[in-house]
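2 protein chains.
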Amino acid sequence: MTDTRHAVPERSREELLRLRRAHLNPTLSVAYREPLKIVRGEGVWLYDAQGQGYLDMVNNVCHVGHCHPRVVRAGAEQMARLNTNTRYLHDALVEYALRLTATLPAPLSVVFLTNSGTEANDLALRLARAHTGARGTIVVDHAYHGHSPSMVELSPYKFNGRGGEGQADHVAVVPMPDAYRGAVRDAADAGPRYGRMLAGAIDELRARGHRPAAFYCESLLGCGGQVILPDGYLRQAFAQVRAAGGLCLSDEVQVGFGRVGDAMWAFEQQGVVPDILTLGKPIGNGHPMGAVVTTPEVATSFVTGMEYFNTFGGNPVSCAIGLAVLDVIEEENLMDNAVRVGEFLTAGLREIQARHPGIGDVRGRGLFIGAEFVSDAAARSPDPARARVVVEAMKARHVLLSTDGPDDNVLKIKPPIVFSRANAEEFLEKLDGVLGALPVG
Amino acid sequence: MTDTRHAVPERSREELLRLRRAHLNPTLSVAYREPLKIVRGEGVWLYDAQGQGYLDMVNNVCHVGHCHPRVVRAGAEQMARLNTNTRYLHDALVEYALRLTATLPAPLSVVFLTNSGTEANDLALRLARAHTGARGTIVVDHAYHGHSPSMVELSPYKFNGRGGEGQADHVAVVPMPDAYRGAVRDAADAGPRYGRMLAGAIDELRARGHRPAAFYCESLLGCGGQVILPDGYLRQAFAQVRAAGGLCLSDEVQVGFGRVGDAMWAFEQQGVVPDILTLGKPIGNGHPMGAVVTTPEVATSFVTGMEYFNTFGGNPVSCAIGLAVLDVIEEENLMDNAVRVGEFLTAGLREIQARHPGIGDVRGRGLFIGAEFVSDAAARSPDPARARVVVEAMKARHVLLSTDGPDDNVLKIKPPIVFSRANAEEFLEKLDGVLGALPVG
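Protein chains in written order, with my numbering: chain H, 1 to 441; chain W, 1 to 441.
The set of hints was computed from the structure by calculation and includes no laboratory data.
Computed from a predicted model, the values in this text were never measured in an experiment.
Check each hint, because a few of them may be wrong.
What the hints assert, rightly or not - Label-pair restraints from in silico Cβ distances:
| hint | chain 1 | residue 1 | chain 2 | residue 2 | range |
| --- | --- | --- | --- | --- | --- |
| 1 | W | Pro105 | H | Glu307 | 51 to 57 Å |
| 2 | W | Asp169 | H | Gly164 | 21 to 27 Å |
| 3 | W | Pro296 | H | Ala7 | 25 to 31 Å |
Beta carbons: idealized from backbone N, C-alpha and C, even for Gly.
Take these sequences, add in the hints, and give me the full structure.
Spelled out as structure tokens, the structure:
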């Protein structure tokens, strides 16, 4: 009875939009011209209030599939047993730290648990400042590292975007190492050449009286437009930052946990080991959770007498869910799946590209893929209008996609990593149909 | 089978401590000289690995009782149905905003959902800066507002504590309005007199070239030592801040959601309405969740073109859990319980105080209570050693408590608000026994 009294009313989309406008964060956007009211998720599918299924190729959070029964069970069982903080001892907390660090190269052995990627990147900044005694921070153009005041300052995507307040004194920005559209294109040595650009950022900080505390770099550039770092980039960049006394941070909030398929962590392909790794989104398959992993040396520098206590971070429910996500990735061989389906998808996109001149570049690793729309293939002129039209047309065919990049012309493909070959075939067929129906360039 | 392969091993306390030291945040403290390994929670009880029950009087997060079945069911059901972000429409998100704002005075009608109190206070700072165009912030001495870089700067508890880097240029600190130990004691007009001290902080900011963006104030001082704001404090303080163009923020991360019993929100007793209210800890009974509630005017100032998107914030699972917490508070009449049991506890503590000179002050509202240990009642000399001994002795009698305050001599009482009269009787009897067994002063 009491349950009925407080049942959540079902409201129409119009009513929900009206109430959102009145009572919720007014800056929050809604996906699509005609918003979706999604009520159920399962695997790679989302279902609207009418029971219509949508193939979800956007969600890099519900990483092992929406409502994965193993993850749901782990969360539900632990919620019913105990949910408290880390000032008591608990088996799941220690086990999670052991299981997570077992996937990482040896020096990355100390774990801090948070509630989000933003909290992880914020804590990482405190670690870097404590270790180096410096304040300067170098970031990659168009990067996004979080929504806190400190992380907006480290996110060119935000501070140089609409409503942004520009670059702070302690921040320097290096160009995106984009071998398709950037200053260095199509060159075998693009990686080291972009890496050497760190020197300019270090000089710029020095001129403003700052030494570098940290270089923040996503291991694959997400908001930057699904950019794959060219070979040798991080090796060169890290060497220069370290020579200047700074720490190197790999932000894998968007791309970690086996999405790239050939490795658990995307930084591994670059042949480097960061000093700090930050994690979020996929870590709990949607449960609010994040983590920082660092070396004993950096962790020790943080022991100044001030405690870092995070009320919810590392609670037994989060740890049980985090463990279940690791279990599922391993037991269902999802990294193999990401390699196989990712290769099939990328090959299929390249085959479509060959027949549709509107796609200028197709790039990807595992199930992190981008397709860049251009109006002129030779000039590589961005075509955001076409990208937008394709996203809406695919939505009409019940496939969910999004766009990003400085010109908003890159189709972002980052589905739950249970995405199958059959799902990929459905997507490719529909995309081919959508592109074939569009007027040429 | 796969479940067995990845079952979490049960480890001894010694082994867990060893592994924590090797693989987890080295700044994280463990409660008690002999740490507890807690494996199960129910209502006001926590159970260790041997099945021993402990009466939990510390946990202000598992607000409606550990593992409340209604809250667990809401979370488990929604986890199995859908967990995605707020770019799709969802009934529970809108319903939560409506239910939450229905408990608040009219102008506080716009909700932003986050994953923690820290994220809420961080977002609030962005709102205040956007609305005022100013950077200055006034905080109360010994306050704690969060663990992010920006919030450590606003937390004298941290920046003036061990390992702290001192006060930032844009921050001014006002004295704790503590009518027992502060500069103004035992005066009927202590509230307005402490309130007038905001003028000094505003002047101090002005002298450093800052206008005030916001005054952050907990509605009851938690880390400050369970201090109840004297009557008239916020009215006077808010008036001065507003006259200087700043916004007034009530931080109810620790004390909100009916803990004070006579009101849902502790600020109400002061006869004011803040411009921004921040929420956390109890909001999800342990689920990682936080919120900012503000006025349409402040929210509108935040519409600058930059989106505030929080990956996990406002997801359907968090909203379902948040709704269940509101339901339980109402249906189980927990605010009435907080009043009745709180009054009984406070009266019982005062009766004990009359027989034990080591307790200098007993103060509280509802189930937010402090008892201050002193070595000399007339001089009010803090006695942290006695507070520590009492906490350990009570733990030996299976009652969990903690201490806080600038001198760490205040016994903090903030149990789940399902705490019953029988629980209170058990606590009072045990405390009386512990104090009677201690050597006098």
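Hint check:
no., hint, verdict
1, W:Pro105 / H:Glu307: 51 to 57 Å, "violated (36 Å)"
2, W:Asp169 / H:Gly164: 21 to 27 Å, "holds (22 Å)"
3, W:Pro296 / H:Ala7: 25 to 31 Å, "holds (28 Å)"
The structure does not agree with numbered hint 1 stated previously, though it agrees with all others.
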